[in-house]
Structure formats: structure tokens, C-alpha cells
Amino acid sequence: MIVRVDGLAGGYAPGAEVLAGVSFGLEAGTIAAVLGPNGGGKTTLFRALLGELPVRRGTVALAARPAYVPQTDRTRLDFPVSALDVVLMGAYGRTPAWRRIARADRDAARATLERVGLGDRARRRFGALSGGQRQRVLIARALLQDSPVILLDEPLTGVDAASAARIESLFAELRDEGRVLLVATHDVEQARRWDRVVCVHGEQIAFGPPAVTLTTDVLLRTYGAELVVLPGGERAVAVEHHHHDD
Amino acid sequence: MLDWLLDPFSGPLMQRALAEVVVVAIACGPLGVWVLLYRQSYAAESISHAMLPGLVLAALAGAPLLLGAAGGVLVAAAAIALAGRDERLGGDVGVAVAISALFGLGALLALSPDVPARLGELLFGDLLGVTARDVAEAAVLAAGVAVALALAHRRLALSVFDRAAAPSLGARPARWELALLALLAVSTVAAVRGLGNLLVVALILAPAAAALNLSRRLPAALVLAAALAALAGVLGLLASYHWQIAAGASVALSAVLLFLLSLMVRARSLDTH
Chain A
0 MIVRVDGLAG GYAPGAEVLA GVSFGLEAGT IAAVLGPNGG GKTTLFRALL
50 GELPVRRGTV ALAARPAYVP QTDRTRLDFP VSALDVVLMG AYGRTPAWRR
100 IARADRDAAR ATLERVGLGD RARRRFGALS GGQRQRVLIA RALLQDSPVI
150 LLDEPLTGVD AASAARIESL FAELRDEGRV LLVATHDVEQ ARRWDRVVCV
200 HGEQIAFGPP AVTLTTDVLL RTYGAELVVL PGGERAVAVE HHHHDD
Chain B
0 MLDWLLDPFS GPLMQRALAE VVVVAIACGP LGVWVLLYRQ SYAAESISHA
50 MLPGLVLAAL AGAPLLLGAA GGVLVAAAAI ALAGRDERLG GDVGVAVAIS
100 ALFGLGALLA LSPDVPARLG ELLFGDLLGV TARDVAEAAV LAAGVAVALA
150 LAHRRLALSV FDRAAAPSLG ARPARWELAL LALLAVSTVA AVRGLGNLLV
200 VALILAPAAA ALNLSRRLPA ALVLAAALAA LAGVLGLLAS YHWQIAAGAS
250 VALSAVLLFL LSLMVRARSL DTH
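Here the protein sequences line up with chains A and B, keeping their order.
Residue 0 is where the first sequence starts when you use numbering that gives the first Met the number 0, and the numbers rise one by one after that.
Residue 0 is where the second sequence starts when you use numbering that gives the first Met the number 0, and the numbers rise one by one after that.
Take the hints with a grain of salt, since some may be wrong.
[Unchecked claim] Part of the chain A face toward chain B, derived, beta carbon under 10 Å:
#	residue
1	I1
2	Q70
3	G92
4	W97
5	R140
6	L150
7	D152
8	L155
9	T156
Just so you know, these hints were derived from the structure itself, not from any lab.
Where is the CB? At the ideal position from N, CA and C, for every residue including glycine.
With the sequences and hints as input, model every part of the structure.
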């Protein structure tokens with residue numbers, strides 16, 4: 000088991016838990032959607048997996064320190080760095096402050112940029128790239144960290160179709176390499192395409208394969224009043240209000 | 000022309016002033032780039048202004064200004080941190096109140112009859128009055144800041160570029176923000192003898208803003224900021240010598256002039272692209 004969460008409850012202040020009752024396990028080579036409304040605890044769950052949330056009860060066990068891909072609009076677009084500079088940040092954690100970044104890491108950074116289809120944009124200023132391209136650069140940075148676990152926060156939100164297709168095919172490649180991907184999303188249809196889904200809304204509502212987990216009842220409990228059930232009752236769409244106070 | 004440039008620096012007074020301003024520029028320029036990227040220019044202004052009581056007390060006691068500056072910065076940092084935390088006031092209001100209070104206290108102390116007539120020197124520095132010891136002290140502090148910035152470079156970049164992901168990449172943003180403020184305090188202490196607590200901000204912020212206008216990548220901006228700060232120092236001293244105007248103020252105005260020039264160069268390059 001690469002990721003194991005048992006009875007997790009946590010919050011930033013004692014007695015004020017923002018997430019509770021979370022238990023799931025993920026084997027190598029799994030893409031799991033973390034589905035829930037804004038403020039439902041998706042980002043909080045990620046923070047727990049990153050070791051940044053005070054855990055009040057339960058345990059979180061990961062095979063290695065995870066890589067994290069934030070939403071691209073959380074980065075500073077006015078920061079004077081190239082796409083390649085951003086990817087190289089993935090090697091900072093293993094490079095002592097007084098050393099230059101190893102040649103092997105530089106070569107690997109170029110290779111990961113190629114892999115996400117941006118080899119020709121290496122020198123381009125990060126802030127000048129499109130939203131989808133920036134997202135791919137951040138994914139390349141996570142790949143350079145070379146962790147078996149990658150957490151991605153809404154990686155397909157506001158991304159152009161070409162980038163979205165590229166990112167989804169990359170997800171499949173990473174799964175085939177045996178990595179575990181946790182993808183926060185509010186899009187039920189995206190979640191249906193992946194291997195597992197964790198539904199959260201302050202607490203864990205359900206966990207399992209999407210085909211059996213994403214019932215109308217589970218979606219109603221996950222989204223509450225924000226859920227619109229389309230005619231026929233089979234398809235459900237979450238109505239999303241875009242803000243990032245998760 | 001060469002004489003116009005070199006003659007002023009033939010005497011020891013101007014040579015020491017030149018050494019002081021170049022040494023300070025090496026720390027202030029790159030530090031300013033980080034201060035701007037962290038959007039902490041208000042903190043830079045605040046720390047330098049709020050250290051006045053420390054400077055005045057040092058003048059009253061006949062203690063070295065460096066000591067007063069260091070004490071003043073510590074008190075200012077503590078007051079700013081405490082006032083900034085008070086949610087009833089809100090961050091900026093709290094800081095503004097703390098600084099105004101400290102600056103007012105400094106002015107009050109400075110107007111007491113026991114203070115030697117050096118308030119102008121505290122506020123605006125005395126670049127032409129620096130001793131070899133002052134230069135050596137500034138050099139040690141500036142070298143410390145430059146080395147610390149070089150060692151902290153990657154963590155500082157992570158913390159400001161991508162606050163959400165920084166911890167997973169090996170940097171704790173809150174820690175590095177604090178480290179930057181500490182380096183800002185040290186640089187202010189290093190520069191205050193020559194430039195005074197009102198003008199030091201110009202040498203920290205203006206060359207850095209110009210460098211960010213002219214550079215596409217961070218390492219280039221850091222080097223250029225140091226070079227522009229040193230250039231502002233040289234231009235300011237030349238202006239001071241030839242036109243008999245105050246040295247510290249000339250340096251500050253030269254730095255601002257370079258910033259205005261950078262705006263024009265940037266506008267022109269945007270036009271041609």
C-alpha cells in the first residue's frame with residue numbers, strides 16, 4: 000500500500016476539526032479522485048497528506064514524501080523565472096544550499112519538460128505561458144521530485160483542451176509507472192474516469208471504485224444543495240462557485 | 000571628462016565615501032529585489048524609520064551609532080510584529096501606528112537639549128564623514144547579507160513563487176519571510192551610518208525596482224541591482240562633489256533617477272516588441 004489513511008481527523012485549532020473520519024488505502028498504479036465541493040476539505044486532505052495539517056486522531060502513512068501540484072493561479076506570475084527554472088525547483092529539496100544543481104537533475108528537468116510537451120518553451124518566462132502550459136510545467140516540476148505519490152489540486156480546471164488531453168494521457172502513463180495520483184476535483188465526470196474516488200464534505204462520505212461509489216445518494220451527501228440531478232437521475236453535476244478557500 | 004570623473008576621488012574623504020557606498024550597495028541591491036518580490040517595501044520603509052529612537056539614544060549616550068541602530072531595529076521589529084498581529088487594528092494600520100509612535104519618540108528625544116546637534120546626520124547620514132572603521136563594519140555586515148542571500152536563494156525563491164507548494168519542495172515560507180526581514184534589518188544597520196535612516200530605503204528599493212524592470216530572470220536582476228546601487232552611489236558622490244550638495248541625498252536621488260531611466264528603457268523595449 001503506497002498511501003494509507005486510517006480514521007484521520009484534523010484541524011488547525013484544537014477542537015475545531017475541518018476534516019474527520021477519513022480512511023482509505025491506495026495501491027501502486029492508482030489514480031484517485033478527491034471529490035467534493037469548495038470548502039469540503041479536498042485541500043485540507045492534501046495538507047494532511049503533506050504533513051502540514053495537525054492530525055488530531057488517526058494516522059497517515061505514505062511510502063514517500065509526496066510531490067504537490069498546486070493550482071496554477073496560486074503561483075506568482077510576475078516572478079522572473081523561466082519554465083525550466085520552475086521545473087528545476089523540483090530538485091531544490093535534494094540539493095544543498097551551497098551546491099550547484101547537479102547536471103543529472105538539469106538533464107532530467109529538460110527531459111520532463113519534453114515529456115509534458117513543452118521542450119520548446121524551456122526559456123519562456125513562466126508568467127507568459129498559457130494556463131494549461133503553466134499547469135504542465137508544475138506537473139513537470141513534480142515529476143522531477145520523483146515521488147511515487149503526486150497530489151494535484153484541480154489540475155484540469157481552466158485548462159485549454161489541448162493541455163487537458165495531454166495531462167490526462169500523462170496521468171495514464173504515470174499510473175502505468177506504478178505511481179499513485181490523488182487528483183482533487185469538483186467534476187463528477189472526471190472522477191468517473193479514474194480508478195478510485197474519495198468523496199469528502201467535512202468528513203469522508205464514501206470511498207471506492209467510481210462505478211459503485213458515485214451513486215446519487217453519495218453525490219447528494221457530498222454536494223448537498225449544490226448538486227443538480229439531470230433528468231433520468233443517472234447523471235449528476237456539481238454546481239461550482241470558483242474560489243479557493245478550501 | 001576623465002578628470003571630472005576621477006578627480007573627486009583623489010582625497011581620502013571621498014575614497015572612504017566611495018568604499019562605503021559600494022560596499023553597502025552590494026548588500027542593498029540584491030536584498031531590495033527580494034524585498035520587492037516579497038512585497039515588503041512597506042516593511043523596509045518601516046524598519047528604517049522606526050529605528051530612530053535607537054539612533055538618538057546612541058547619540059545621547061555617546062555610544063556607536065551602529066549599536067543604536069541595532070538596538071533600534073530590534074525594538075522596531077518587535078513593535079511592528081506585535082502591532083501587526085492585533086486583529087482589531089489590521090496589519091497595515093498596526094504597523095503604521097507602531098512606526099509613527101517610534102519615529103515620533105525618536106524626534107522627541109532628538110529635540111532634547113542634551114542631544115548633540117546630530118539629528119540631521121541620523122536622518123540623512125553623513126557619507127563624507129565615515130571613518131575607515133565605519134567602512135570596515137559596513138563591509139562585514141554587507142558581506143554577511145550577501146552570503147546569506149546566496150545561501151538562501153532557492154528557499155527564498157520557492158517561498159515567494161509558490162507558497163502553497165513550497166513546503167513540499169523543501170522551504171517553509173513563514174520562516175524565510177522572517178529571515179528576509181532579519182536581513183533587511185542588518186542591511187539597514189549597515190547602511191544607516193552613511194545614508195541615514197530616511198534615505199537608506201532609496202538605495203534598497205530604487206535600484207532593485209530598476210533591475211526588475213530591465214531583467215527577465217532572477218539572477219540577472221540580483222546582479223544588476225547591486226551594480227545599479229553602486230552606480231547610484233558613484234553618481235551621487237560625483238554630483239555631491241561637483242555641485243556642492245548633500246552626499247546621501249544625491250545618492251538617493253541618483254538611485255531614483257536610475258529607476259526612472261529603467262522605466263523609459265522598458266517602455267521603449269515594449270514598443271519595439
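Each hint tested on the structure:
1. I1: Because about 16 Å separates I1 (chain A) from the closest Cβ in chain B, which is outside the 10 Å limit, the hint is violated.
2. Q70: Result: holds, 8 Å to nearest chain B Cβ.
3. G92: 3 Å, holds
4. W97: 6 Å, holds
5. R140: Holds, because the Cβ-Cβ distance from R140 (chain A) to chain B comes to roughly 8 Å (cut-off 10 Å).
6. L150: Holds - the Cβ of L150 (chain A) comes within 10 Å of chain B, reaching about 8 Å at its closest.
7. D152: 8 Å, holds
8. L155: 17 Å, violated
9. T156: 15 Å, violated
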